[in-house]
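Same order as they appear, the protein sequences are chains A and B.
Take 1 as the starting number for the first sequence in our numbering and just add one per residue.
Take 1001 as the starting number for the second sequence in our numbering and just add one per residue.
Simulated from the structure, these hints should not be mistaken for laboratory data.
Quick caveat: nothing in here was measured; it's all calculated off a predicted structure.
Check each hint, because a few of them may be wrong.
[What the hints assert, rightly or not] Keeping only pairs whose Cα atoms sit at most 25 Å apart, straight-line, the calculated DSS-like set for lysine-lysine is: (1) A:K182 x B:K1080; (2) B:K1061 x B:K1085; (3) B:K1080 x B:K1061; (4) A:K182 x B:K1130; (5) B:K1061 x B:K1130; (6) B:K1130 x A:K51; (7) B:K1061 x A:K182; (8) B:K1082 x A:K182; (9) A:K182 x A:K51; (10) B:K1085 x B:K1051; (11) B:K1082 x B:K1061; (12) B:K1051 x B:K1082.
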Amino acid sequence: MHRFANPARFLRIAKPLTPWLLWMGIALTLGACLWGAFFTPTERLMGDTVKIIFVHVPAAWLGMGGWTGIAIASIIQLVWRHPLAGVSARAIAVPGATFAAICLITGSIWGRPTWGTWWVWDGRLTSMLVLFFLYLGYIALSNASSEKGDTSRVAAVFGIIGAVNIPIINRSVIWWESQHQKASITLGGSSIDQAYLVPLFVSVAGFSLLFGALVLMRMRTALAEMRIEARMRRMADY
Amino acid sequence: MKPKHQRLLLAAIAVCALIGAGLIAAAALREEASYFYTPTTLASANVAPGKAIRLGGMVQKGSIVRAADGVSITFTVQDKDKTQKVAYRGITPDLFVEGSGVVADGRLGPDRVFIADSLLAKHDENYVPKELADIDMTSAEHTKDTLSK
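Chain B with its partners taken away, still in its complex shape:
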């Protein structure tokens, strides 16, 4: 074997080993780094009230109720199977609308209502001009496909 081929083989083995190690590490981390509970995982996780957790999901349509004081709201977060009631006091992000994604930091209250300290809105991967949308602008459930019809 020529020295050049030896070096090529060495580099190939090193790259393969590295990618393998990276993928294994990432896969292992995937199990650990669960970023948030969804309503379904929260329902089965048996989290004690008062423990700081993060909740993620979609804002259920028609569930946002604004209180008379203007800063308190309640809404329901849903995923495929379950729902979770959330209470929040504060200014909501621009993208916080019904049908869009939301990530909330907070804890469960004694009555199993999730009390959020902070709300982050989540945008989906669809980018659609406003003019195309002669539809309900308070909902984010539309994609390019539903709009272009």
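Isolated chain A (complex conformation):
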């Protein structure tokens, strides 16, 4: 693993990778959203509102996936002292929070016409809102550390503790079955028709690539800031 611990080697790989991820992500996301909006059939009960799924579901998955990434990176940071782990955890936080917010907003817009309400304190909705607040807490905590690019150990511990919420979000529709329907896509299969499922997976792929591109950009920025800071400190010493 320490083969990639070297920030210089990471930058050599990340720099050419970023535009690829970015442009492929933009192309796939745009394509999937246009496909979803104009070339999928209306749903038997929800009509055209079903088309929110092509943004809502990828945003939800990436919001949860983002925190899973933060937790894994935090463990690596605390145990192996991997120099890039803290940087990557911090880079994930803002895009992750953004996707969690997109999930909450699109879900609310979807809930109004279908359920008849913008918001209910349902297990799934509430645990997703908690995830968004955890992101805000993590961002505040990691920004509070004195080192510019490095993440403090407190933030890493918070990242691991917050991961408890991820399985809770996943199980919430089974444990507290109320307003939100059960999972449509499980390991066992899908109860979403092919007509929606295929563009949905294209959209998930597109948003994921975009997410990856954003994280790489933020990591490169953080590393550049760390170098600037180190150089300033050296100059101040003379």
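Since the structure of chain A is provided, determine the placement of chain B on it from the hints.
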């Protein structure tokens, strides 16, 4: 033991303890946070008339009766074993159809009819295009499996 292994062990114990604590808390909350009564639990719960409660279940087929004034409706909510009559005045959500899920806020009237103040429709986890459904569109009882035949 090397310091790295010590830290790994510590992190592993912490993660296990956290997940355990989360699961125990969630399981405990599960007992407490019953979101709604179903017709069956309502029948056995002995809820006093007038007490604000929430009722959830499926809208029984053929039970929706719209009154002449256009905004009053009555229908029956059912689960596996029991049924409960409900009265509601107001605009119903788009997804409120026979055979679909519904969550109603309200209270029991003196005649054991549930008087709903608000109605929320519930969608199931099946997403099916309209064209596939040369069936009764007012019912939500169909899944992808029943439709694709």
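Straight-line Cα separation of K1061 (chain B) and K1085 (chain B) no greater than 25 Å?
Judged against 25 Å, a Cα distance of about 13 Å means the pair holds.
Distance restraint between K1061 (chain B) and K1130 (chain B), which requires alpha-carbon spacing of 25 Å or less
20 Å, holds
Are the Cα positions of K182 (chain A) and K51 (chain A) separated by 25 Å at most?
The given pair, whose Cα atoms are some 18 Å apart, holds under the 25 Å limit.
Distance restraint between K1080 (chain B) and K1061 (chain B), which requires alpha-carbon spacing of 25 Å or less
At roughly 14 Å apart (the allowed maximum being 25 Å), K1061 (chain B) and K1080 (chain B) satisfy the hint.
Can you confirm whether the C-alpha distance between K1130 (chain B) and K51 (chain A) stays at or below 25 Å?
13 Å, holds
Tell me if the straight-line CA distance from K182 (chain A) to K1080 (chain B) falls inside 25 Å.
18 Å, holds
With a cut-off of 25 Å on the C-alpha distance, tell me whether K1082 (chain B) and K182 (chain A) pass.
Distance ~23 Å between K1082 (chain B) and K182 (chain A) Cα, so the pair holds.
Hint check: K1082 (chain B) vs K1061 (chain B), CA-CA at most 25 Å. Holds or violated?
14 Å, holds
25 Å limit on alpha-carbon distance, applied to hinted pair K1051 (chain B) and K1082 (chain B):
Distance of about 21 Å is within 25 Å: holds.
Would the pair K182 (chain A) and K1130 (chain B) pass a check requiring their Cα atoms to be no farther apart than 25 Å?
21 Å, holds
Between the alpha carbons of K1085 (chain B) and K1051 (chain B), is the straight-line distance 25 Å or under?
17 Å, holds
Are the Cα atoms of K1061 (chain B) and K182 (chain A) separated by 25 Å or less?
Roughly 22 Å between the alpha carbons, so the hint for K1061 (chain B) and K182 (chain A) holds.
Violated hints for the displayed structure: none, as all numbered hints are satisfied.
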